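Student: Could you build all of it, start to finish, from the sequences and the hints given here?
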Amino acid sequence: AAATPAASPAAAMSAEEAVEAVTTEDGTLRFDVAEDATRFVFAPEPVHDDGMPAYGNAFVTQGYIYPEGTLDGSNGVLADGSPEFPDQVLGEWTCRGWFIGDGAHTTTGPWVITTQVYNFGSEAGAAILVTEGSEIADLNVPIARAISGGTGPYTGASGAGAQTLLGFNATAGVDIRFEFSMQES
2 AAATPAASPA AAMSAEEAVE AVTTEDGTLR FDVAEDATRF VFAPEPVHDD
52 GMPAYGNAFV TQGYIYPEGT LDGSNGVLAD GSPEFPDQVL GEWTCRGWFI
102 GDGAHTTTGP WVITTQVYNF GSEAGAAILV TEGSEIADLN VPIARAISGG
152 TGPYTGASGA GAQTLLGFNA TAGVDIRFEF SMQES
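Mapping the sequence shown onto our numbering, position 107 (from 1) lands on 108, and the numbers just tick up by one.
Quick caveat, the hints were computed from the structure, so don't treat them as lab data.
What you are looking at is a predicted structure, and each value in this text was computed from that prediction instead of being measured.
Heads up, the beta-carbon is just placed ideally off N, CA and C, and yes, glycines get one too.
One thing to keep in mind: the hints can contain errors.
Claimed, not checked - Label pairs and their in silico Cβ distance ranges:
1) T156 - S75: 14 to 24 Å
2) D50 - S159: 35 to 45 Å
3) A80 - A13: 19 to 29 Å
Tutor: Here it is, written out as C-alpha coordinates:
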(Lines of atoms letter the chains of each structure in order from A; the text may use other names.)
(Lines give C-alpha, C1' and ligand atoms only; values in the text may rest on other atoms or scores of the structure.)
Protein backbone atom coordinates (compact mmCIF):
# COMPACT_ATOMS: atom_id res chain seq x y z
CA ALA A 2 0.00 0.00 0.00
CA ALA A 3 1.20 3.47 -0.78
CA ALA A 4 2.01 5.97 1.92
CA THR A 5 -0.07 9.07 2.40
CA PRO A 6 1.19 11.67 -0.07
CA ALA A 7 3.55 14.13 1.56
CA ALA A 8 3.15 17.87 1.33
CA SER A 9 5.41 19.43 -1.27
CA PRO A 10 8.67 20.51 0.37
CA ALA A 11 9.07 23.33 -2.15
CA ALA A 12 6.96 25.43 0.22
CA ALA A 13 9.15 28.52 0.08
CA MET A 14 9.90 28.37 -3.68
CA SER A 15 7.78 30.47 -6.00
CA ALA A 16 6.92 29.21 -9.48
CA GLU A 17 8.98 32.05 -10.97
CA GLU A 18 12.07 31.09 -8.90
CA ALA A 19 11.73 27.41 -9.79
CA VAL A 20 11.31 28.14 -13.52
CA GLU A 21 14.37 30.39 -13.41
CA ALA A 22 16.39 27.63 -11.70
CA VAL A 23 15.68 25.08 -14.48
CA THR A 24 15.95 27.42 -17.49
CA THR A 25 19.29 28.03 -19.22
CA GLU A 26 20.25 31.22 -21.08
CA ASP A 27 19.11 29.73 -24.40
CA GLY A 28 15.69 28.80 -22.93
CA THR A 29 16.37 25.07 -22.56
CA LEU A 30 14.91 23.45 -19.44
CA ARG A 31 17.22 21.09 -17.55
CA PHE A 32 16.35 19.34 -14.28
CA ASP A 33 16.39 16.03 -12.40
CA VAL A 34 13.51 14.08 -10.87
CA ALA A 35 13.64 11.60 -8.00
CA GLU A 36 10.55 9.41 -7.78
CA ASP A 37 9.18 8.76 -4.32
CA ALA A 38 8.13 5.13 -4.87
CA THR A 39 6.26 5.14 -1.55
CA ARG A 40 3.65 7.01 -3.65
CA PHE A 41 3.76 4.53 -6.59
CA VAL A 42 0.38 2.82 -6.96
CA PHE A 43 -0.55 0.36 -9.71
CA ALA A 44 -3.74 -1.45 -10.69
CA PRO A 45 -4.49 -4.87 -9.20
CA GLU A 46 -4.55 -6.44 -12.68
CA PRO A 47 -2.81 -7.41 -14.88
CA VAL A 48 0.20 -8.58 -12.87
CA HIS A 49 2.94 -11.18 -13.28
CA ASP A 50 2.99 -14.28 -11.04
CA ASP A 51 5.25 -12.39 -8.61
CA GLY A 52 2.68 -9.58 -8.25
CA MET A 53 4.64 -7.03 -10.28
CA PRO A 54 2.78 -5.01 -12.96
CA ALA A 55 2.42 -6.74 -16.34
CA TYR A 56 1.70 -5.35 -19.83
CA GLY A 57 -1.33 -3.00 -19.73
CA ASN A 58 -1.20 -2.27 -15.99
CA ALA A 59 -2.05 1.36 -15.15
CA PHE A 60 -0.16 3.35 -12.51
CA VAL A 61 0.37 6.76 -10.91
CA THR A 62 3.41 8.02 -9.01
CA GLN A 63 5.00 11.24 -7.76
CA GLY A 64 8.38 12.64 -6.87
CA TYR A 65 10.60 15.67 -6.41
CA ILE A 66 12.05 18.04 -9.02
CA TYR A 67 15.69 19.02 -8.39
CA PRO A 68 18.25 21.17 -10.22
CA GLU A 69 20.11 19.38 -13.01
CA GLY A 70 23.09 17.42 -11.69
CA THR A 71 21.65 16.85 -8.20
CA LEU A 72 21.08 13.13 -8.75
CA ASP A 73 23.69 10.43 -9.27
CA GLY A 74 21.24 7.59 -9.99
CA SER A 75 20.87 6.29 -6.45
CA ASN A 76 19.88 9.34 -4.39
CA GLY A 77 17.24 12.06 -4.06
CA VAL A 78 14.65 10.33 -1.87
CA LEU A 79 15.17 8.83 1.58
CA ALA A 80 13.75 5.40 2.43
CA ASP A 81 10.76 7.02 4.20
CA GLY A 82 9.83 8.93 1.01
CA SER A 83 11.05 12.35 2.12
CA PRO A 84 13.35 14.38 -0.14
CA GLU A 85 17.07 13.85 0.50
CA PHE A 86 17.76 17.48 -0.38
CA PRO A 87 14.67 19.40 0.81
CA ASP A 88 16.30 22.83 0.33
CA GLN A 89 16.87 22.04 -3.37
CA VAL A 90 13.37 20.81 -4.27
CA LEU A 91 12.00 22.92 -7.14
CA GLY A 92 8.56 21.35 -7.34
CA GLU A 93 6.59 18.15 -7.69
CA TRP A 94 6.54 15.60 -10.51
CA THR A 95 3.47 13.47 -11.20
CA CYS A 96 3.50 10.61 -13.68
CA ARG A 97 0.65 8.41 -14.88
CA GLY A 98 0.75 5.73 -17.49
CA TRP A 99 0.64 2.10 -18.51
CA PHE A 100 3.21 -0.65 -18.53
CA ILE A 101 4.16 -1.99 -21.97
CA GLY A 102 6.85 -4.44 -23.07
CA ASP A 103 7.14 -7.13 -20.38
CA GLY A 104 5.75 -4.74 -17.75
CA ALA A 105 7.89 -4.34 -14.63
CA HIS A 106 10.04 -7.28 -15.83
CA THR A 107 11.29 -5.30 -18.85
CA THR A 108 15.11 -5.02 -18.79
CA THR A 109 15.71 -3.17 -22.05
CA GLY A 110 13.67 -1.01 -24.40
CA PRO A 111 10.24 0.54 -23.77
CA TRP A 112 8.59 -0.44 -20.47
CA VAL A 113 6.00 2.31 -19.89
CA ILE A 114 4.15 4.97 -21.84
CA THR A 115 3.42 8.04 -19.75
CA THR A 116 2.06 11.51 -19.27
CA GLN A 117 4.30 13.51 -16.94
CA VAL A 118 3.32 16.72 -15.14
CA TYR A 119 6.07 18.95 -13.71
CA ASN A 120 4.65 21.48 -11.23
CA PHE A 121 7.37 24.07 -10.63
CA GLY A 122 7.29 25.93 -7.31
CA SER A 123 4.94 25.42 -4.39
CA GLU A 124 1.70 26.74 -5.88
CA ALA A 125 -0.29 24.05 -7.69
CA GLY A 126 -0.92 25.04 -11.30
CA ALA A 127 1.10 28.27 -11.45
CA ALA A 128 3.84 26.82 -13.68
CA ILE A 129 3.11 23.37 -15.08
CA LEU A 130 4.80 21.66 -18.02
CA VAL A 131 3.26 18.47 -19.46
CA THR A 132 5.05 15.87 -21.61
CA GLU A 133 4.08 12.60 -23.29
CA GLY A 134 6.09 9.62 -24.46
CA SER A 135 7.58 6.20 -23.95
CA GLU A 136 10.15 5.47 -21.27
CA ILE A 137 12.86 2.86 -21.57
CA ALA A 138 14.36 0.54 -18.96
CA ASP A 139 17.93 1.19 -20.20
CA LEU A 140 20.21 3.27 -17.97
CA ASN A 141 21.90 6.41 -19.32
CA VAL A 142 20.21 6.22 -22.73
CA PRO A 143 18.16 9.30 -23.68
CA ILE A 144 14.67 8.86 -25.17
CA ALA A 145 12.59 11.60 -26.81
CA ARG A 146 9.51 13.11 -25.13
CA ALA A 147 6.98 15.51 -26.65
CA ILE A 148 5.93 18.67 -24.84
CA SER A 149 2.13 18.73 -24.93
CA GLY A 150 1.31 21.93 -23.03
CA GLY A 151 1.29 23.62 -19.68
CA THR A 152 0.18 26.56 -17.57
CA GLY A 153 1.69 29.91 -16.59
CA PRO A 154 4.91 30.44 -18.56
CA TYR A 155 4.23 27.15 -20.38
CA THR A 156 0.72 28.00 -21.65
CA GLY A 157 0.61 26.77 -25.23
CA ALA A 158 4.04 25.13 -24.87
CA SER A 159 5.21 22.70 -27.51
CA GLY A 160 8.52 21.23 -28.48
CA ALA A 161 10.53 18.19 -27.55
CA GLY A 162 13.27 16.95 -25.35
CA ALA A 163 14.80 13.92 -23.77
CA GLN A 164 14.58 11.89 -20.62
CA THR A 165 17.44 9.73 -19.33
CA LEU A 166 17.00 7.04 -16.67
CA LEU A 167 19.90 7.44 -14.21
CA GLY A 168 19.06 4.60 -11.81
CA PHE A 169 17.00 3.86 -8.70
CA ASN A 170 16.89 5.54 -5.30
CA ALA A 171 16.31 4.28 -1.72
CA THR A 172 12.56 3.83 -2.33
CA ALA A 173 13.24 1.83 -5.54
CA GLY A 174 11.92 4.86 -7.43
CA VAL A 175 13.52 6.08 -10.64
CA ASP A 176 16.03 8.92 -10.85
CA ILE A 177 15.62 10.74 -14.18
CA ARG A 178 17.32 13.65 -15.96
CA PHE A 179 15.33 15.86 -18.36
CA GLU A 180 16.22 18.37 -21.07
CA PHE A 181 13.48 20.19 -23.00
CA SER A 182 13.56 22.81 -25.77
CA MET A 183 10.48 24.94 -26.34
CA GLN A 184 9.29 25.52 -29.88
CA GLU A 185 8.69 29.13 -30.89
CA SER A 186 5.00 29.89 -31.57
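Student: Compare the structure with each hint and give your call.
Tutor: Comparing the hints with the structure gives:
About 36 Å separates the C-beta atoms of T156 and S75, a value inconsistent with the hinted range of 14 to 24 Å. Under the hint 35 to 45 Å, the C-beta atoms of D50 and S159, about 42 Å apart, fit the expected range. Distance hint check: the CB atoms of A80 and A13 are about 25 Å apart, consistent with the given range 19 to 29 Å.
Taken one by one, the earlier hints fail for this structure only at number 1.
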